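Participant: Each chain, letter by letter, is given below.
2 protein chains.
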Amino acid sequence: MNSMNLKVKPLDMETGRNIVVLHEDDVGELGHFAGDRVKLATPKAELVAIANTTRRMVGRGEIGTFIEVTEALSLKPGDAVSITFAPRPRSVDFIKKKMDGRQLADEEINSIVDDIVAGNLSSTELAAFVVSEYIRGMNLSEIVALTQRMVSSGDKLELDISPVLDVHSIGGVPGNKYALVTVPIVAAAGLVVPKTSSRAITSAAGTADVMEVLANVTLGLEEIKRIVGKVGAVLAWGGAVRLAPADDIIIGAERMLGIDPRCQLLASVMSKKLAVGASHILIDIPTGSGAKVEDLDQAHSLSHEFMELGYMLNVQVEVAITYGGQPVGHAVGPALEAKEALETLRGDGPRSLIEKATSLAGIMLELGGVASRGMGRQMASDILKSGRAYQKMREIIGAQGGNPDVKPDDLPIGDKKEILLAPYGGYVTHIDNQRINLIAHTAGAPRDKGAGIRVILKEGRKVDKDEPLLEIYAEHEAKLDKALAIAKRRSPIRVEGMLLEHLVKKGHVFKGGRETGPPGARA
Amino acid sequence: MNSMNLKVKPLDMETGRNIVVLHEDDVGELGHFAGDRVKLATPKAELVAIANTTRRMVGRGEIGTFIEVTEALSLKPGDAVSITFAPRPRSVDFIKKKMDGRQLADEEINSIVDDIVAGNLSSTELAAFVVSEYIRGMNLSEIVALTQRMVSSGDKLELDISPVLDVHSIGGVPGNKYALVTVPIVAAAGLVVPKTSSRAITSAAGTADVMEVLANVTLGLEEIKRIVGKVGAVLAWGGAVRLAPADDIIIGAERMLGIDPRCQLLASVMSKKLAVGASHILIDIPTGSGAKVEDLDQAHSLSHEFMELGYMLNVQVEVAITYGGQPVGHAVGPALEAKEALETLRGDGPRSLIEKATSLAGIMLELGGVASRGMGRQMASDILKSGRAYQKMREIIGAQGGNPDVKPDDLPIGDKKEILLAPYGGYVTHIDNQRINLIAHTAGAPRDKGAGIRVILKEGRKVDKDEPLLEIYAEHEAKLDKALAIAKRRSPIRVEGMLLEHLVKKGHVFKGGRETGPPGARA
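Taken in sequence, the protein lines are chains V and D. Numbering follows our numbering, with no gaps: position 514 of the first sequence is 514. Numbering follows our numbering, with no gaps: position 57 of the second sequence is 57.
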């Protein structure tokens with residue numbers, strides 16, 4: 001092979017990939033072009049990197065190295081490296097195969113996952129994989145292979161206990177803090193629940209954001225193991241551990257494109273659960289307008305895929321379809337939700353949260369073999385009422401470095417508050433999940449722990465004109481103002497009696513209500 | 001909107017896109033994530049850029065700016081800029097629409113092309129577009145819109161003459177130097193031919209590489225206009241002018257993925273031709289084993305698409321299907337091809353090149369209205385024989401700053417040479433285009449102008465054992481050795497009499513010939 005000796009110029013760039021930058025004329029000399037790979041060799045080590053080209057970032061005879069490459073090879077400015085062109089990874093051919101709509105063999109999927117984790121694929125190639133997954137889909141045997149390799153290419157929690165219970169909710173519903181109630185109930189019955197969860201990105205609060213109000217959630221694998229060994233459960237942030245790391249990289253590309261390929265969703269959820277060693281998994285599919293899954297047909301088909309996948313992966317999967325058409329409970333935002341969960345554990349929670357938390361816990365108790373079929377729900381409810389779930393939560397909080405004696409009123413709710421009033425009297429017919437999320441997010445959640453929303457009147461409740469519909473909390477006045485402005489302009493709560501059309505004069509129809517612009521806008 | 005004031009830290013990175021780097025915690029503060037856009041504002045100007053995040057390239061309160069952004073806003077280290085988050089460009093929604101298999105409206109295609117040219121799309125988003133084009137395809141009305149916007153978003157050659165002739169060959173065939181003969185014939189008949197062409201990347205020589213042996217091909221739009229005005233034709237490198245710049249960016253992504261979406265191929269060719277103002281276009285589709293188009297059915301369907309597209313774009317398109325199963329003429333590589341073209345113009349060329357060059361020129365003469373239908377070929381042949389095409393080529397070379405008096409033997413053929421001999425006697429049954437390209441490329445072409453191949457015996461010719469099959473030329477001994485080694489291991493020329501199997505002893509079958517490994521390899 002043609003080779004070339006170049007002088008290292010470290011570049012202050014990190015991308016999670018092995019990237020080097022070569023002068024266009026040097027690349028031309030070797031007869032290759034951008035997107036190709038080069039093998040870098042020093043006297044001590046070798047590495048394959050993606051080669052970008054430039055006419056000015058580096059001179060001829062120089063090689064710019066991104067932080068990942070500089071560190072992996074311990075390079076210093078001016079070091080000599082020898083480069084040869086390396087073939088494109090075979091995984092790119094397999095991505096092409098998926099683009100062409102063909103089924104991938106296990107080894108081909110393994111090769112793609114391994115190259116994603118190793119940072120061997122350019123963002124162009126990674127995007128091609130995700131888009132092909134989205135358009136072409138994968139069959140169950142491909143999803144099995146994908147799940148297994150995502151698990152084995154990351155770290156794993158080894159608990160040497162069975163059964164290991166876990167629960168996962170397919171996102172989209174605001175105020176979905178059930179896990180802070182469900183997990184302690186299940187653990188109070190003596191079952192093991194190593195629950196990892198995510199932080200919110202565009203919504204108001206993920207389970208990790210809520211739990212963080214009460215305790216530390218940034219825990220390493222050894223800490224998680226120690227805590228689970230001690231109190232039987234944990235509520236940790238999944239982002240602090242390297243469980244199925246390919247998934248995190250893939251999700252990054254999905255977000256940029258606003259797509260969520262079904263096969264990747266399935267593999268993603270299952271791989272995170274398998275990586276913590278779960279043997280019995282409950283999948284919660286909130287279903288309803290404004291949730292990720294909007295109707296029961298969709299929910300059923302997804303349920304069957306999860307259960308079939310569980311069967312093929314040799315873990316027991318059951319699915320709960322829950323109502324996801326409006327927020328769970330009343331509170332939305334980290335501190336407000338933590339407060340509501342704590343109140344619920346102490347015996348004073350809203351019905352919808354108690355229902356959801358004990359239903360899911362009940363199924364888990366049955367799954368885990370401590371309740372007979374049909375009896376789990378009652379057992380969960382008894383554990384909650386007895387205070388044993390609250391006691392278990394205190395242990396979990398303590399084990400995760402929080403204050404077990406914390407009271408609901410101690411929690412730092414934002415001290416800036418505005419109230420949205422009903423513009424008309426009538427019945428609450430609809431609460432828009434996405435608008436609730438947007439308003440809470442605008443108010444500062446989840447970054448500002450105290451920011452969020454308390455929904456006062458939920459669907460079906462009667463309301464009089466000027467009665468409060470919801471409260472918005474914030475830590476900063478400016479964010480509160482902005483959130484209120486959005487709430488007024490695009491009300492997240494629809495009242496049945498609301499004016500939908502207002503006819504003024506022939507030819508001009510003024511519209512009000514949900515789908516339209518501000519009053520006075522020309523139709 | 002939430003905004004934030006940050007200090008500029010220019011980064012020595014260029015990507016052709018507007019990219020900035022923010023600290024993860026600053027991004028979290030604003031509640032957004034990587035792939036989002038930020039609007040940067042200085043007292044003088046504003047710009048939207050793609051926001052990447054980091055924990056170490058920049059500190060909190062800093063913004064790293066790539067070269068494109070630094071220059072567009074004239075930023076200095078430590079300058080203050082204010083940023084607000086900007087919505088994702090709408091073109092990303094339209095790319096999603098194409099992912100979903102839906103037809104795009106003209107304005108939607110315009111928005112995608114404009115954002116590609118402006119550097120507003122991340123490589124992930126661009127890849128999603130290209131992959132969607134590949135998998136979902138586009139109908140003719142979408143391709144029309146794509147072509148038109150690719151033209152209007154770049155520079156255009158304005159000649160104020162009609163007709164303007166042009167010719168384009170769908171690549172893949174080595175030694176395809178016909179344009180150096182065809183263009184002067186057509187121009188000698190008084191027609192205008194502003195021919196731009198590309199350089200080779202993975203093959204041995206593009207038309208621009210070959211012409212560059214004789215004259216300067218890196219010409220600006222004004223120079224091209226001046227030269228065409230003076231001598232009626234030009235043979236310029238398309239890469240030096242900004243014609244349909246979206247196409248060059250899209251082709252970069254296609255190459256990385258090894259795909260060539262049909263709709264993009266059509267739009268690409270037509271946009272480059274429309275950008276030089278061509279009114280009458282001849283498309284050459286070399287067809288045969290090892291060419292881009294391998295059989296006549298494919299060639300016919302592509303032909304009809306080109307003609308239909310031409311009709312909808314209001315230009316006259318005709319198609320020539322030529323034999324592409326082996327090299328055109330004998331020479332492959334810039335100087336060798338330039339020499340063969342010059343010899344042909346001077347009356348001493350190989351039959352296959354004369355046939356192809358005069359056939360295509362004949363059609364162009366008819367298209368341009370200077371020959372009646374059916375008479376073009378004869379007229380082209382007469383012009384070539386009369387020496388008028390050679391005289392025109394001398395004018396073109398002179399106008400492009402070359403030496404019009406250059407003789408074929410003056411051209412700098414590589415002084416290192418090896419000969420590949422026939423291992424057996426028989427008839428030449430196949431010449432492998434891809435292997436010819438690989439060997440010539442390995443010998444140094446197109447970068448080393450003198451490197452390349454002269455194919456001595458073409459398909460159908462009888463050969464004796466140890467008779468020369470081809471000559472390899474190079475400028476550097478090491479490249480020559482490597483090229484010869486490849487030629488011996490994977491012969492580009494198959495002789496009918498060649499041993500295909502050699503049985504030695506029961507159970508061991510030794511295979512020779514094209515599809516197999518080195519002699520002695522175990523079957």
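It should be emphasised that the hints constitute simulated quantities derived from the structure, not laboratory data. As the structure is a prediction and not an experimental result, all values here were calculated from the model. Don't take each hint at face value.
Note that the list lumps identical chains together, so a pair holds whenever it fits in one copy or between two copies.
As the list claims (entries may be wrong) - Okay, derived cross-link-like pairs now, BS3-like style, lysine-lysine, Cα gap no bigger than 25 angstroms in a straight line:
id, residue 1, residue 2
1, Lys-44, Lys-407
2, Lys-230, Lys-156
3, Lys-9, Lys-76
4, Lys-482, Lys-44
5, Lys-462, Lys-7
6, Lys-76, Lys-465
7, Lys-9, Lys-292
8, Lys-7, Lys-44
Participant: Each hint needs a verdict: does it hold in this structure or not?
Facilitator: Comparing the hints with the structure gives:
1. For a Cα distance limit of 25 angstroms, the shortest separation of Lys-44 from Lys-407 qualifies neither inside one copy, at 58 angstroms, nor across copies, at 53 angstroms.
2. In the homo-oligomer, the alpha carbons of Lys-230 and Lys-156 lie at most 25 angstroms apart inside one protomer (19 angstroms), although the nearest pairing across protomers, at 73 angstroms, exceeds that limit.
3. In this assembly of identical chains, Lys-9 and Lys-76 lie within 25 angstroms of each other by CA distance both inside one copy and across copies; the values are 8 angstroms within and 22 angstroms between.
4. Taking identical chains as interchangeable, the C-alpha atoms of Lys-482 and Lys-44 are never at most 25 angstroms apart, the minima being 57 angstroms within one chain and 27 angstroms between chains.
5. With identical chains, the CA atoms of Lys-462 and Lys-7 are never at most 25 angstroms apart, being 75 angstroms at best within one copy and 53 angstroms at best between copies.
6. For the identical chains of this complex, Lys-76 and Lys-465 are neighbours neither inside a copy (71 angstroms) nor across copies (56 angstroms), given an alpha-carbon limit of 25 angstroms.
7. For the identical chains of this complex, Lys-9 and Lys-292 are neighbours neither inside a copy (47 angstroms) nor across copies (40 angstroms), given an alpha-carbon limit of 25 angstroms.
8. For the identical chains of this complex, Lys-7 and Lys-44 are intra-copy neighbours only, at 16 angstroms inside a copy versus 39 angstroms across copies, given an alpha-carbon limit of 25 angstroms.
In the structure shown, a violation is registered for the earlier hints numbered 1, 4, 5, 6, 7, in ascending order.
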